[in-house]
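In case you want the letters, here they are:
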Amino acid sequence: MLRRASMLLACRPILAARARPFSTDLPAAPSADATFTEAWTKVIPNMDPPKTPLSFMQPRPPTPSSIPSKLTVNFVLPYASELATKEVDMVIVPATTGQMGVLPGHVATIAELKPGVLSVHEGSEMTKYFISSGFVFIHANSFADIIAVEAVPLDRLDVNLVQKGLAEFTSKLSSATTDLEKAEAQIGIDVHSALNSALTG
Amino acid sequence: MASNAAVPFWRAAGMTYITYSNICANLVRNCLKEPYKTEALSREKVHFSISKWTDGKPEKPTLRSDSPEE
Chain Z
1 MLRRASMLLA
11 CRPILAARAR
21 PFSTDLPAAP
31 SADATFTEAW
41 TKVIPNMDPP
51 KTPLSFMQPR
61 PPTPSSIPSK
71 LTVNFVLPYA
81 SELATKEVDM
91 VIVPATTGQM
101 GVLPGHVATI
111 AELKPGVLSV
121 HEGSEMTKYF
131 ISSGFVFIHA
141 NSFADIIAVE
151 AVPLDRLDVN
161 LVQKGLAEFT
171 SKLSSATTDL
181 EKAEAQIGID
191 VHSALNSALT
201 G
Chain A
1 MASNAAVPFW
11 RAAGMTYITY
21 SNICANLVRN
31 CLKEPYKTEA
41 LSREKVHFSI
51 SKWTDGKPEK
61 PTLRSDSPEE
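Protein sequences, first through last, are from chains Z and A. In case it helps, UniProt numbering puts the first sequence at residues 1 to 201. In case it helps, UniProt numbering puts the second sequence at residues 1 to 70.
None of these hints come from the bench; they were simulated from the model. Careful: at least some of the hints might be erroneous.
Mimicking SDA-like on lysine to any residue, the simulated pairs with C-alpha atoms at most 25 Å apart in a straight line are [stated by the list, open to error]:
| hint | chain 1 | residue 1 | chain 2 | residue 2 |
| --- | --- | --- | --- | --- |
| 1 | Z | K164 | A | T62 |
| 2 | A | K37 | Z | G201 |
| 3 | Z | K164 | A | I50 |
| 4 | Z | K86 | Z | A108 |
| 5 | Z | K70 | Z | G105 |
| 6 | A | K33 | Z | L154 |
| 7 | A | K33 | Z | S171 |
| 8 | A | K33 | Z | K70 |
| 9 | Z | K172 | A | I23 |
| 10 | A | K33 | Z | G105 |
Chain Z with its partners taken away, still in its complex shape (with noise of 0.2 Å):
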């Protein structure tokens, strides 16, 4: 009997598991909210529902079933929004494992960046732009939203303040006494260090 009941708990949870496939491959969200304008409808039969959020927002691209042939960035910064929508060839993110390139059709990927350079290609073209630090979040439609703090196109750094930088936190960590000095010395370090070879690289 106790044989029957752990057998019944263990066909349950799977069951429950194939019903909702991998979160990866979720459809296109609902683009009206209908459980709330049903009860609207049920209580106010008059008057038209009012929009919800749900409806402002456009809905999620479904998962093709082939591979795009272009990926969609989305590249935000917190006060600026680089790259809407824009369908590019390829990005190239600087990933704390690494240089990571994302081509159409990449798993869904969530990726820390760390400070190095953002270069899109699209076309003959690459545009490339230094991040400090960040997200990429990349989506099953092959849709990539990377959101950085703050991201500059390489012309616009100074070569000799990078090194004058360099020179300062090598030494700050030779001086550092307290965990969190050297913290911040070594980070000061990664940063102007991924500024130099950006910029002579």
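Go by the hints and put chain A onto chain Z.
Here is chain A on its own, set in the frame of chain Z:
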């Protein structure tokens, strides 16, 4: 589950991700060329007023204007 696998050095030193990210952004802004540098620094200025409360009443508020290097 791995127990706290390889934390980044800043987290091991007690810093949060937001602090780390803001430090990186400030360092990058400080390396900009001139017209862009002043724009960026002015963009990141914060003005706020703080008032401490004692016994359920606010004291006189102080106006602070932190520039990003603080």
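Evaluated hints:
{"no.": "1", "hint": "Z:K164 x A:T62", "result": "37 Å, violated"}
{"no.": "2", "hint": "A:K37 x Z:G201", "result": "23 Å, holds"}
{"no.": "3", "hint": "Z:K164 x A:I50", "result": "36 Å, violated"}
{"no.": "4", "hint": "Z:K86 x Z:A108", "result": "18 Å, holds"}
{"no.": "5", "hint": "Z:K70 x Z:G105", "result": "9 Å, holds"}
{"no.": "6", "hint": "A:K33 x Z:L154", "result": "10 Å, holds"}
{"no.": "7", "hint": "A:K33 x Z:S171", "result": "24 Å, holds"}
{"no.": "8", "hint": "A:K33 x Z:K70", "result": "34 Å, violated"}
{"no.": "9", "hint": "Z:K172 x A:I23", "result": "15 Å, holds"}
{"no.": "10", "hint": "A:K33 x Z:G105", "result": "38 Å, violated"}
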